[in-house]
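**Student:** What follows is the residue order along each chain.
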Amino acid sequence: MSDERAALSEAEPYALAAVGEGLASPRDFFELLKPRVMSLVIFTALVGLLRAPGDVHPVIAFTALLCIAVGAGAAGALNMWWDADIDAVMSRTRGRPVPSGRVSAQEALAFGLTLSAFSVVVLGLLVNALSGALLAFTIFFYVVIYTMWLKRSTPQNIVIGGAAGAFPPLVAWAAASGSVSLEPLLLVAIIFFWTPPHFWALALYRADDYARAGVPMLPVTAGPDETRLQILLYTLFLVPLAASPAVLGYAGLAYGAVALSAGGWMIVLALRVFRRRDGEAAVKAAKSLFGFSIVYLFALFATLLGEALVGGLLR
Amino acid sequence: MSGGEKKPRPPVEEGVVLTPEQLRRRRARNIAIASVLGFLALLFYVVTIVKLGPNVLNRPL
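Residue numbers (this note's numbering), protein chains in the order written: chain A, 1 to 315; chain B, 316 to 376.
Among the clues, some could well be false.
Cβ pair distances, simulated, as ranges [what the hints assert, rightly or not]: (1) B/Gly353 - A/Leu125: 47 to 55 Å; (2) B/Arg374 - A/Gln156: 54 to 62 Å; (3) A/Val268 - B/Ala356: 47 to 55 Å; (4) B/Val365 - A/Val310: 25 to 33 Å; (5) A/Asp278 - B/Val331: 55 to 63 Å; (6) B/Ala356 - A/Gly311: 30 to 38 Å; (7) A/Val121 - B/Ala343: 21 to 29 Å; (8) A/Leu125 - B/Ser350: 17 to 25 Å.
Because the hints were derived from the structure by calculation, they are not lab data.
Every value quoted in this text rests on a predicted model; they were computed, and no experiment measured them.
By construction, the Cβ of each residue, glycine as well, lies at the ideal position given by its N, Cα and C atoms.
Could you put together the complete structure from these sequences and hints?
**Tutor:** Structure (structure tokens):
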């Protein structure tokens with residue numbers, strides 16, 4: 001790296017991309033798709049696909065899943081294009097392809113737009129129009145409503161923006177059945193109400209990062225104690241909501257047992273976050289809740305998936 | 316200008332010269348794009364067969 005570039009990289013890392021090196025490897029473009037988020041999207045969408053009524057051909061199901069995954073990835077790429085300035089000042093995100101200079105902002109924009117258009121059109125034409133429209137709305141919601149508007153303007157950013165992350169099972173359900181009903185909307189509601197305690201637990205021990213980047217996350221604007229209260233309230237609402245598919249007859253006993261036991265542990269961890277407010281114990285409690293919240297959502301959807309597979313075998 | 320003096324040649328324009336690393340990454344990108352295009356062609360072909368089924372042969376000649 002030349003001296004000029006080294007100086008540039010210290011002053012403003014994401015400006016490196018403006019040098020236009022064209023150095024990006026396929027791996028850098030893959031990173032733009034936020035593969036970890038994408039894997040969760042694929043997983044929840046798979047649950048929506050397999051639980052939807054009617055028989056969908058495996059090739060069509062695969063196509064739907066691929067389009068949903070690519071659409072989610074495209075939204076991630078557009079998010080990285082728009083947020084390169086704040087990503088560059090946050091320790092968690094400064095290694096991303098655009099702020100680190102491996103991919104230029106223009107490349108990320110073109111990549112995101114192309115994949116968005118392709119995923120929506122292919123899903124609409126090869127699977128059905130309803131799922132294509134829902135995927136287009138999901139991408140629009142994540143990129144325009146969340147990334148461009150809410151994220152930098154309100155502490156409710158991840159509450160409302162969480163809807164975008166909640167839609168994949170609904171899109172998949174629509175792809176498989178051509179319609180929408182209460183059951184997939186319940187799945188959407190579970191992810192929607194899971195998002196705030198999940199992200200606020202992370203924001204509690206990353207508040208400095210968000211403050212430096214000027215992102216109005218709840219711990220920055222309302223303080224950590226208010227955030228702890230909100231985490232507890234959302235968790236207390238989430239746990240019975242997550243158990244409701246078993247009560248309403250959409251899911252079996254196994255799901256009910258997992259939802260109640262894992263949900264009970266979520267409440268215990270949220271209470272710990274609420275009580276432990278200082279020092280290392282507070283950070284540890286927030287980290288535990290953040291980590292377990294991922295396990296919790298995974299356990300819920302894995303059980304739904306297991307029940308759908310077992311039900312399919314017994315049919 | 317006297318005939319005995321030789322004019323220095325202008326430097327040859329070489330344009331942008333890529334480093335071996337840039338060449339390797341460009342090649343990797345090209346292979347990735349080709350793979351995606353090939354996969355899409357295959358996917359559209361298979362989905363066409365799946366959606367049309369036996370009707371794929373049912374067309375006016």
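**Student:** Which hints, by number, does the structure contradict?
**Tutor:** 1
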